[in-house]
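Here are the chains, one letter per residue:
Protein chains: 2
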Amino acid sequence: MRALARAISLVEDGAPEAAAILREAFPRTGRALVVGLTGAPGAGKSTLVDRLVARYRSERRRVGVVAVDPSSAFSGGAILGDRVRMQEHATDPGVFIRSMATRGHLGGLSRAASDAIDLLDAAGFDPILVETVGVGQDEIEVARAADVVAVILVPGMGDDIQAIKAGILEIADLFVINKSDRPEADRLAADLQAMLTLAPEDGRPRPGVFRTVALRDEGVPELREAISSFVTGAGAGQRERRRRDRAEARFLAVLSERLLGRVLETAVRSEGINAIVEEIAGRRIDPYTASERVLERVVIR
Amino acid sequence: MRALARAISLVEDGAPEAAAILREAFPRTGRALVVGLTGAPGAGKSTLVDRLVARYRSERRRVGVVAVDPSSAFSGGAILGDRVRMQEHATDPGVFIRSMATRGHLGGLSRAASDAIDLLDAAGFDPILVETVGVGQDEIEVARAADVVAVILVPGMGDDIQAIKAGILEIADLFVINKSDRPEADRLAADLQAMLTLAPEDGRPRPGVFRTVALRDEGVPELREAISSFVTGAGAGQRERRRRDRAEARFLAVLSERLLGRVLETAVRSEGINAIVEEIAGRRIDPYTASERVLERVVIR
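One line per chain: the protein sequences are A and B, in this order.
In this text, residue positions in the first sequence follow my numbering: the first is 1, and each later residue adds one.
In this text, residue positions in the second sequence follow my numbering: the first is 1001, and each later residue adds one.
Don't read these hints as lab results, they were simulated from the structure.
Beta carbons are placed, not taken as given, at the ideal position from N, Cα and C, and that holds for glycine.
Hints should not be assumed to be uniformly reliable.
Some, not all, of what chain B presents toward chain A, calculated at C-beta under 10 Å [unchecked claim]:
| no. | residue |
| --- | --- |
| 1 | ARG1246 |
| 2 | ARG1250 |
| 3 | LEU1252 |
Chain B regions said to be covered by chain A (calculated; three or more residues, Cβ under 8 Å) [claimed, not checked]:
| no. | stretch |
| --- | --- |
| 4 | 1027 to 1036 |
| 5 | 1254 to 1263 |
| 6 | 1287 to 1301 |
Rough simulated footprint, nothing fancy, chain A against chain B, three-plus residues with beta-carbon under 8 Å [what the hints assert, rightly or not]:
| no. | stretch |
| --- | --- |
| 7 | 1016 to 1024 |
| 8 | 1276 to 1284 |
With the hints as constraints, model all of the structure from the sequences given.
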């Protein structure tokens, strides 16, 4: 467990050893079921993930959790709440929990999360639950990396279906109405069904709608079953395409990160990134011309 | 107006003319006040932006609006709601509204939004209101590009202050409690004040808390005043640092996008990106080794 934690940290920090670690791990990956769980803050994702973990543990499966919270980027650390909430599983060697904030610019978050998933996978954790705050582009990227994506909604959060944007609809394999003991739950379920009925056919199976009250463990066994059923049933045909999409996104993210790193180290360092930034901030040079100047020094054989 | 719309489209699409357009526009930029407005879906951002636009119009200022919604990435278009809502200003030549979905991976969204802001700025729009869904990394990047950032909250969205994550707190220059005629508004205001009192000193002025009911135009004049007061008062000292941070982020985003584009065109095309992706998806090569192979062909003089 300690070696795994350390490996994830090295990978997350982009340490020099990271590439070698991932290279070693890679042939052992591709076995775990990756479950994405996404929803707005306050939807009760954390509690639901917690209950799912308990469920899988009762089946003696080793469970990995990657909790992604880009909004903690600025405070630089994991959310205290996540730590507290997961304390039930903190001493269980069959559960590995990792909270992740963002890793700088440019897609670094989904790259780091994918790497962490690979390491957990190689270490034999299965399933791996990936929890994201489901609004931003990066989080959607992370969710897309999953074999099955559950979108978690909560009654009374918005005034209407407006909160369920098209993007969320398009990544959802399952909808979960959490806190479904609230009075507005029926209306949300009806709105959701109406929306799903009206949604254009895109060849994917229509997502099922499930109700849970995670705090009281209600509906969680059914959700756990639905996840399995999706993967072996309705979603089986998409699995290959998704894995391919994931491979492409990862390749581009890794390549881009390394390219920029290399160029900043060599081409830019010699004249100093600060000097360039000052010139741009002072409107003496635009970012495109500044980039062109650097690119002139990059040769592809 | 048509030329501007076309220029923004070219820039957004990364057309060959984009760099030349931005190069021309750049010396004319840096004059507009850029106001970021961010909040969860359903917070009423759109209505509030609409009211602020009306307010600035009554002062005969030409107003630009950039509405960023990454969740519409999958549907590929702007949100119908945005279009409908803004119809009041649609025929007003003193208002320019642009909705933006995501532009692919890797920070493309904040890059495209920054470019659009520059074009509006060069065209003489001032202020420019930038509306984002305030959870993901990309949206936070966009908000950070602003001279002043208002975070919009709404009572009763979450059960507690949990929804106001540390990251949001750290980007907020002003807090707006919209729909503040709801009964939970007082509790939210009290929670927020308590949180602000407890927040560690980071040298920035403590954000003010404002109440609005955008639908009835209540509190909007006060908010408009607060925006000006922040920029000339409490926020004046930060403006240079922010502009520098913005310049750095833009330079890196543009450089990264161009680098990757160039490499994909030349080094990768010859052997075919699909072949590489298939190998990664089949776990025959890891993304790091695949990237290394491409990078071996990149030489920096």
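For which of the previously enumerated hints does the structure constitute a violation, in increasing order of number? none
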